[in-house]
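Participant: As you go down the protein sequences, you meet chains A and B in turn.
Its first residue numbered 98, the first sequence is counted upward by one per residue in the numbering used here.
Its first residue numbered 4, the second sequence is counted upward by one per residue in the numbering used here.
Keep in mind that the hints are not guaranteed to be accurate.
[To be verified] Straight-line Cα separation of at most 25 angstroms, SDA-like style, residue types lysine to any residue; simulated pairs:
#1 A:Lys279 <-> A:Glu199
#2 A:Lys168 <-> A:Lys220
#3 A:Lys168 <-> A:Lys279
#4 B:Lys8 <-> A:Tyr249
#5 A:Lys136 <-> A:Glu289
#6 A:Lys153 <-> A:Trp170
#7 A:Lys227 <-> A:Met132
#8 B:Lys23 <-> A:Gln223
#9 B:Lys23 <-> B:Asn36
#10 A:Lys169 <-> A:Asp115
#11 A:Lys169 <-> B:Asn36
#12 A:Lys185 <-> B:Lys8
#13 A:Lys169 <-> B:Asp10
#14 B:Lys23 <-> A:Asp115
#15 B:Lys7 <-> A:Met132
#16 A:Lys286 <-> B:Ala19
#17 A:Lys185 <-> A:Gln148
#18 A:Lys168 <-> A:Gln223
#19 A:Lys203 <-> B:Asp10
#20 A:Lys220 <-> B:Glu12
#21 A:Lys169 <-> A:Trp264
#22 A:Lys169 <-> B:Gln41
#23 A:Lys168 <-> B:Asn36
#24 B:Lys8 <-> A:Ala231
#25 A:Lys286 <-> A:Ser210
#26 B:Lys7 <-> A:Glu289
#27 A:Lys168 <-> A:Val138
#28 A:Lys227 <-> B:Asp10
#29 A:Lys270 <-> A:Glu289
#30 B:Lys23 <-> B:Glu12
#31 B:Lys7 <-> A:Asp104
#32 A:Lys136 <-> A:Glu260
#33 B:Lys8 <-> A:Met132
[What the hints assert, rightly or not] If you only want the chain B side, here are some residues facing chain A, beta carbon under 7 angstroms, derived:
#34 Ile11
#35 Ile28
#36 Val38
#37 Gln41
#38 Leu48
#39 Ala69
#40 Leu73
Bear in mind the hints are in silico, worked out from the structure with no lab data behind them.
None of the values given here were measured: they were computed from a predicted structure.
Every residue gets a Cβ at the ideal spot worked out from N, C-alpha and C, and that includes glycine.
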Amino acid sequence: MLDAPRDSEIIRRILQGDVNAFGLLLNRYKGYALMVIKKRVPATEVEDIAQEVFIKAYQSLPRFDPESHFKKWLSTIAMRTCYDYWRKAYRTRESPMSALSERHEKWLESVISSESTTSANSKDQQEDAKEVLAWALDRLSPEDRMVMEMVYLEGMTGREAAELLGWSTTNVKVRTFRARGKLRKLLSKLREREEVK
Amino acid sequence: MNLKKGDIEKVQQALASAYKTREKIEVGDAWENRVMFQIRGLGPLTSRLDFTALFERYFWRFAPAAALTLLVLGGVLYQQIDFLSDCEMARAFLGTRFDDSLFQILGAS
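Assemble the whole structure, with the sequences as input and the hints as a guide.
Facilitator: Pasting the structure below:
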């Protein structure tokens with residue numbers, strides 16, 4: 098059986114004018130790109146954004162440094178495309194702001210009052226958690242949203258996030274600090290609503 | 004009422020866990036074909052790097068060395084060239100009578 102061609106070999110072929118060779122990269126990395134994208138944008142937008150990411154990657158291939166890793170380079174393009182998506186979405190406010198109901202307030206109260214987080218694992222509670230998360234993220238700026246997802250929810254270091262977004266590490270750290278404060282305020286307000294009732 | 008640190012950690016863990024369990028999204032052959040259709044529409048790429056691409060790739064790589072060279076050259080020039088301050092220049096001109104200088108230029112004795 099023939100070994101699959103290495104990324105560098107495929108890229109060399111594409112740069113020599115073999116457009117179809119890009120299909121090999123697309124097939125190899127589509128799963129990874131989708132995994133990165135689906136966490137950051139609404140499910141209805143994932144396919145379009147993934148398409149945009151691969152088209153940008155193809156157009157930028159002449160500037161790709163052959164000494165670096167294609168996968169990492171692609172994830173940088175994916176992150177920045179997701180960030181661009183949110184900037185546009187916030188400008189035009191195409192995606193409606195999610196609202197919360199009494200059920201979500203109760204979810205927050207149950208998480209806080211539980212002994213451990215493992216008790217909040219039923220499907221309904223997971224759904225409530227997702228909705229609270231979407232509600233909170235909707236209320237942050239696109240920049241804060243990106244750093245919150247990468248650092249706070251995925252556990253990346255400030256340096257990793259900075260590298261992927263093309264920002265300085267200090268900028269990411271400052272934004273993470275501010276965004277955590279904003280999130281804390283949002284959740285506190287949500288809890289106050291529950292307490293008032 | 005503000006949330007306590009322990010509460011925040013619990014909520015963070017619950018939100019992070021929800022964040023990681025987003026539904027699985029898979030794309031089919033139709034999506035892949037659509038992307039390749041667009042890529043083919045863009046046409047073949049050329050391996051020849053244009054000037055902008057080369058500039059982008061090498062500018063920052065050589066920027067520190069170029070800055071250091073400029074500093075060294077600047078230092079050498081500063082040591083070698085005899086600079087005259089504005090005051091010294093003015094004094095040199097004012098110390099010479101205008102008509103004397105004119106005669107000298109015109110070659111008259």
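Participant: Decide if the proposed pair is consistent with the structure: B:Lys8 and A:Ala231, CA atoms, cutoff 25 angstroms inclusive.
Facilitator: Cα-Cα ~22 angstroms, so holds.
Participant: Measure nothing beyond the straight line between the CA atoms of A:Lys168 and A:Lys279; if it is 25 angstroms or shorter, mark the hint as holding.
Facilitator: Violated, because 33 angstroms separates the two Cα atoms, which is more than 25 angstroms.
Participant: Assess, step by step, whether the Cα of B:Lys8 is no farther than 25 angstroms from the Cα of A:Met132, and give holds or violated.
Facilitator: The hint is violated at about 31 angstroms.
Participant: A:Lys185 and B:Lys8 were given as a pair; does the straight-line alpha-carbon distance stay at or below 25 angstroms?
Facilitator: Violated: A:Lys185 and B:Lys8 sit about 34 angstroms apart, past 25 angstroms.
Participant: Just to be careful, I want the Cα atoms of A:Lys227 and A:Met132 compared with a cutoff of 25 angstroms; is the pair within it?
Facilitator: 17 angstroms, holds
Participant: Min Cβ distance, B:Leu48 to chain A: is it shorter than 7 angstroms?
Facilitator: Nearest chain A Cβ about 6 angstroms off; hint holds.
Participant: Between B:Lys7 and A:Met132, does the CA-CA distance stay at or below 25 angstroms?
Facilitator: 33 angstroms, violated
Participant: For A:Lys270 and A:Glu289, compute the direct alpha-carbon distance and say whether it is at most 25 angstroms.
Facilitator: With Cα atoms ~29 angstroms apart, A:Lys270 and A:Glu289 exceed 25 angstroms; violated.
Participant: Could you grab the alpha-carbon distance between A:Lys279 and A:Glu199 and see if it respects the 25 angstroms cut-off?
Facilitator: Status holds; Cα separation ~21 angstroms.
Participant: Does A:Asp115 lie within 25 angstroms of B:Lys23 when you go C-alpha to C-alpha?
Facilitator: 38 angstroms, violated
Participant: Tell me if the straight-line CA distance from B:Lys7 to A:Asp104 falls inside 25 angstroms.
Facilitator: Given that 25 angstroms is the threshold and the Cα spacing comes to 49 angstroms, the pair is violated.
Participant: Starting from B:Lys8, check that the Cα of A:Tyr249 is at most 25 angstroms away, please.
Facilitator: Holds, because 15 angstroms separates the two Cα atoms, which is no more than 25 angstroms.
Going down the numbered hints, you'll see the structure goes against 2, 3, 5, 9, 12, 13, 14, 15, 18, 29, 31, 33, 39, 40, while the others check out.
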